[in-house]
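Protein chains: 2
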Amino acid sequence: MNRIARGSFILSSKPAVIGFASAVGKKESEGPLSGCFDREFSDNMLGEESWEKAESHLQKTAVEICIEKSGYKKEDFDAVFSGDLLNQCIASTFGLRSLKIPQVGLYGACSTMALSLLCAGSFIESGLGERCIAATSSHFSSSERQFRNPLQYGGQRTPTAQWTVTGAGAVALAQGGGKVRICSGCIGIVNDLGVKDANNMGAAMAPAASSTIVRYMNDFGKRPSDFDMIFTGDLGFVGSDLLYELIKKEGYDIKENHADCGTMIFEREKQDVHSGGSGCGCSASVLCAHILPKLEKGVYRRVLFVATGALMSPTSSQQGESIPGVAHAVELCAK
Amino acid sequence: MNRIARGSFILSSKPAVIGFASAVGKKESEGPLSGCFDREFSDNMLGEESWEKAESHLQKTAVEICIEKSGYKKEDFDAVFSGDLLNQCIASTFGLRSLKIPQVGLYGACSTMALSLLCAGSFIESGLGERCIAATSSHFSSSERQFRNPLQYGGQRTPTAQWTVTGAGAVALAQGGGKVRICSGCIGIVNDLGVKDANNMGAAMAPAASSTIVRYMNDFGKRPSDFDMIFTGDLGFVGSDLLYELIKKEGYDIKENHADCGTMIFEREKQDVHSGGSGCGCSASVLCAHILPKLEKGVYRRVLFVATGALMSPTSSQQGESIPGVAHAVELCAK
Numbered sequence: 010m011n012r013i014a015r016g017s018f019i020l021s022s023k024p025a026v027i028g029f030a031s032a033v034g035k036k037e038s039e040g041p042l043s044g045c046f047d048r049e050f051s052d053n054m055l056g057e058e059s060w061e062k063a064e065s066h067l068q069k070t071a072v073e074i075c076i077e078k079s080g081y082k083k084e085d086f087d088a089v090f091s092g093d094l095l096n097q098c099i100a101s102t103f104g105l106r107s108l109k110i111p112q113v114g115l116y117g118a119c120s121t122m123a124l125s126l127l128c129a130g131s132f133i134e135s136g137l138g139e140r141c142i143a144a145t146s147s148h149f150s151s152s153e154r155q156f157r158n159p160l161q162y163g164g165q166r167t168p169t170a171q172w173t174v175t176g177a178g179a180v181a182l183a184q185g186g187g188k189v190r191i192c193s194g195c196i197g198i199v200n201d202l203g204v205k206d207a208n209n210m211g212a213a214m215a216p217a218a219s220s221t222i223v224r225y226m227n228d229f230g231k232r233p234s235d236f237d238m239i240f241t242g243d244l245g246f247v248g249s250d251l252l253y254e255l256i257k258k259e260g261y262d263i264k265e266n267h268a269d270c271g272t273m274i275f276e277r278e279k280q281d282v283h284s285g286g287s288g289c290g291c292s293a294s295v296l297c298a299h300i301l302p303k304l305e306k307g308v309y310r311r312v313l314f315v316a317t318g319a320l321m322s323p324t325s326s327q328q329g330e331s332i333p334g335v336a337h338a339v340e341l342c343a344k
Numbered sequence: 010m011n012r013i014a015r016g017s018f019i020l021s022s023k024p025a026v027i028g029f030a031s032a033v034g035k036k037e038s039e040g041p042l043s044g045c046f047d048r049e050f051s052d053n054m055l056g057e058e059s060w061e062k063a064e065s066h067l068q069k070t071a072v073e074i075c076i077e078k079s080g081y082k083k084e085d086f087d088a089v090f091s092g093d094l095l096n097q098c099i100a101s102t103f104g105l106r107s108l109k110i111p112q113v114g115l116y117g118a119c120s121t122m123a124l125s126l127l128c129a130g131s132f133i134e135s136g137l138g139e140r141c142i143a144a145t146s147s148h149f150s151s152s153e154r155q156f157r158n159p160l161q162y163g164g165q166r167t168p169t170a171q172w173t174v175t176g177a178g179a180v181a182l183a184q185g186g187g188k189v190r191i192c193s194g195c196i197g198i199v200n201d202l203g204v205k206d207a208n209n210m211g212a213a214m215a216p217a218a219s220s221t222i223v224r225y226m227n228d229f230g231k232r233p234s235d236f237d238m239i240f241t242g243d244l245g246f247v248g249s250d251l252l253y254e255l256i257k258k259e260g261y262d263i264k265e266n267h268a269d270c271g272t273m274i275f276e277r278e279k280q281d282v283h284s285g286g287s288g289c290g291c292s293a294s295v296l297c298a299h300i301l302p303k304l305e306k307g308v309y310r311r312v313l314f315v316a317t318g319a320l321m322s323p324t325s326s327q328q329g330e331s332i333p334g335v336a337h338a339v340e341l342c343a344k
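As given, the protein sequences belong to chains A and B, one line each in that order.
Numbered per my numbering, the first sequence spans residues 10 to 344.
Numbered per my numbering, the second sequence spans residues 10 to 344.
Okay, chain A solo, but in the shape it has when bound (with noise of 0.2 angstroms):
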C-alpha cells in the first residue's frame, strides 16, 4: 500500500526522469539562471502571429527537446499530462496536438508542474503507461491581456505584483533508468483565507503552501532539515516571507533550506520584476533548468519541489470572491 495518509503516498516504483527541458523568453534568458535553459528565445512572438500561439510553441518546444534528450521517440510515449494558465488551456491543446499523444489535461494554474508530476507519476506506478511526459507553460503577454489589462494600456504594477515568465518545462518519466526518481508526493487541499487582491498572488498562495509542505512532514515524519532543499513555486519574495511566517506558527522553520522559483528566476531590482516571477512556466522551466540538473549531478540529493497556483479567474474577481490557492508537493531524489 502506497498511500501514506490523505492525498500524501510513496511511489514505490520510484518513476525515473529520463529527461528534461526549459524553453524561455527573452527576458528570462537575461535573468540569474541565463544559459541553463535548454532553448533561450530572443523574441517573445516566436515567430507567430499571436501570443497564445506564441505560447503553444514554447510549450512545444520544451516537449520535443524533452523528448529527444530522452533517447526516445514521440511515438514512445503512453501520455502527456499537461495544462496552462489560458482559458481552456489552448497552449497546451494547440501546442501537442501535432505530437499525436494521447493527451490528458489538467488545470492547477501554476501548481501545474508538480501536478501533472504526480498524476503522470501515478500513470506510470500504475503500470498503466511505460513512459509518459509532464509538461506546462505560460506566456507574459498572453497571460497578463487574460487576467489583467491590455498590454498596451501601460498600468502601473503594485509592489506586491508578479512577472508572468515565458517558459515552458516538460520532464519524462519511465519505469526505470534515469538518474532522479520521483519518490512521494502529496495532493493539495484548495486553501482559502480570504484574499481579494488580484495584484498579490504571492499572499493567496502563501497559506496553501504552507498547509501542503506541513501535511507533508507530519504525515511522512520528516523535518525540512531532511531535505537539501525546499523549493516553492511561484510565491515571490512577498509570498515567501509569509510562508516562513506562516510555517514557523506549525512548528517548522524552512529558511535555512527554502528557496522560490518565482525569486530565482528574475533579478529583482535590475529585472523590474517586483516580487518576483510567476506563471506555471516559472517553476517548470526553473525545475529544468536548475532542480534537475543539480539532483542529476549529485549537488542535491533529496528535494521537495512544493507548485503554488492561485485558482481564480477575472470572472471570480469580478463577483467578489476571493482566491483560492492550492499546492502540490513531489518529493525528488537522486539515485
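In case anyone wonders, no lab produced these hints; they're calculated from the structure.
Owing to the predicted nature of the structure, the values given are computational and were not obtained by experimental measurement.
Please note that a few of the clues may not be correct.
Identical copies carry no separate label here, and so any pair may be met within one copy or between two of them.
[Claimed, not checked] Derived lysine-lysine pairs resembling DSS-like cross-links, with alpha carbons at most 27 angstroms apart:
#, residue 1, residue 2
1, Lys258, Lys109
2, Lys231, Lys188
3, Lys109, Lys231
4, Lys205, Lys109
5, Lys306, Lys344
6, Lys109, Lys257
7, Lys303, Lys78
8, Lys279, Lys264
9, Lys303, Lys36
10, Lys36, Lys82
Model the placement of chain B on the given structure of chain A, informed by the hints.
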C-alpha cells in the same frame, strides 16, 4: 503489466464504483430522464447571485450526494478529480473548496467525466489512495455567455448547435465494494480535421470519438458487439450520424448498440434543443442517472463510456484556429 498499447490499459484491480450522483437544472428535469436524477432544481440560479456560482453549487451538490450515497464521509476520500468548462475551471475550484478534499484539477472540455474516471482509476490502481471522487459540471447560462453571446442578445441558433446541459455528475471510486467496476480505458489523442464552425461541435468531436473507439477495439481485440452499449458523450444528432459514417470507414458498425448522451437528455423537437445536449454535465449526469443505475441492476453488463470534448476557446476561434477534439473511453462492467 496493465499497459495494452499507447494510452490503452487494463485496470487489473478493477476500481469499484461505490457511489454516484447527478444534479440538474429545470430543462433537464423536464426531459426524457425526468425523475432519474438525484436532485432536480427548478431554478437554474440555485439561489446564487451568478450563473458561475450556481454551477459551483450544482457540482458541490452532486459531490455531496455522491459521498452520502457511498456511505462514507468527505474525510474518508483521498482525492477529488474534477474540472469544468469555465475559464480557469472555477466551477470546480470554488464549488469544492469547502469540502477540503485534496483536489486534482482537470481540463478535458466535455470529455472531463471520462478523463476524471480514468485519472481517479489510475490513482486507485496505483494504491496512492483508497477512495476518490471523479466529478464535473456545466451550466447553460455560464457556458453560453462565455463561449457564445450574452444571453440577453437572444441570437438565432443554427440547426447544428447544441444546448449546454445544466448538470453535474460525481462518481466515488474505491479499491473494493460496489456493483460496478472500471475494467479498462483508453486516453484520447487530440484529433483535428480542421472543422472551424463553433456552432457545430458534434462535427468537431465525431472524428475524436471514432479515433478512440477504433483504437480501443483494435488495441483490445474487441468488437462493438462485445458491449451491451457504447455511449458517447455529447455528439448530438448531427455528430452521431457523422460518427457512424467515420467509423464505418474503419470497418466498424456501432449503430445497433450506440447511444449519445446528448440525444438522450432532451426531447429534440419538444424541447427545441436543435442537435441535442452538450457540456461536461451532459455525459456526467446521464452516466449517473441512467448508465450506472442500469449497470447496477444488471440491465447492462458491459458498457463503453466515451465522453467527447471540443478543445477550442473563443480566443483560439477568433484567431482563426480550427477546433481540436478529444475522446476518452472507459469500460464499465457489472460485477
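Cross-check of the supplied hints:
Taking the shortest alpha-carbon separations for Lys258 and Lys109, only the inter-copy value of 21 angstroms comes in at or below 27 angstroms, while the best intra-copy value is 48 angstroms. For the identical chains of this complex, Lys231 and Lys188 are intra-copy neighbours only, at 23 angstroms inside a copy versus 40 angstroms across copies, given an alpha-carbon limit of 27 angstroms. Proximity of Lys109 and Lys231 under a CA criterion of 27 angstroms is satisfied inter-copy only: 23 angstroms between copies versus 41 angstroms inside one chain copy. Taking the closest pair of Cα atoms, Lys205 and Lys109 come within 27 angstroms of each other only across two copies (20 angstroms); inside a single copy the shortest separation is 40 angstroms, beyond that limit.
Within a single copy, Lys306 and Lys344 get their C-alpha atoms as close as 10 angstroms, which meets the 27 angstroms cut-off; across copies the closest is 50 angstroms, which misses it. With identical chains, the CA atoms of Lys109 and Lys257 are at most 27 angstroms apart between copies only, with a shortest distance of 22 angstroms across copies and 47 angstroms within one. Taking the closest pair of Cα atoms, Lys303 and Lys78 come within 27 angstroms of each other only inside a single copy of the chain (16 angstroms); across copies the shortest separation is 49 angstroms, beyond that limit. With identical chains, the CA atoms of Lys279 and Lys264 are at most 27 angstroms apart within one copy only, with a shortest distance of 24 angstroms there and 65 angstroms across copies.
Proximity of Lys303 to Lys36 under the C-alpha cut-off of 27 angstroms is restricted to the intra-copy arrangement: shortest distance 23 angstroms within a copy versus 57 angstroms between copies. For the identical chains of this complex, Lys36 and Lys82 are neighbours neither inside a copy (31 angstroms) nor across copies (49 angstroms), given an alpha-carbon limit of 27 angstroms.
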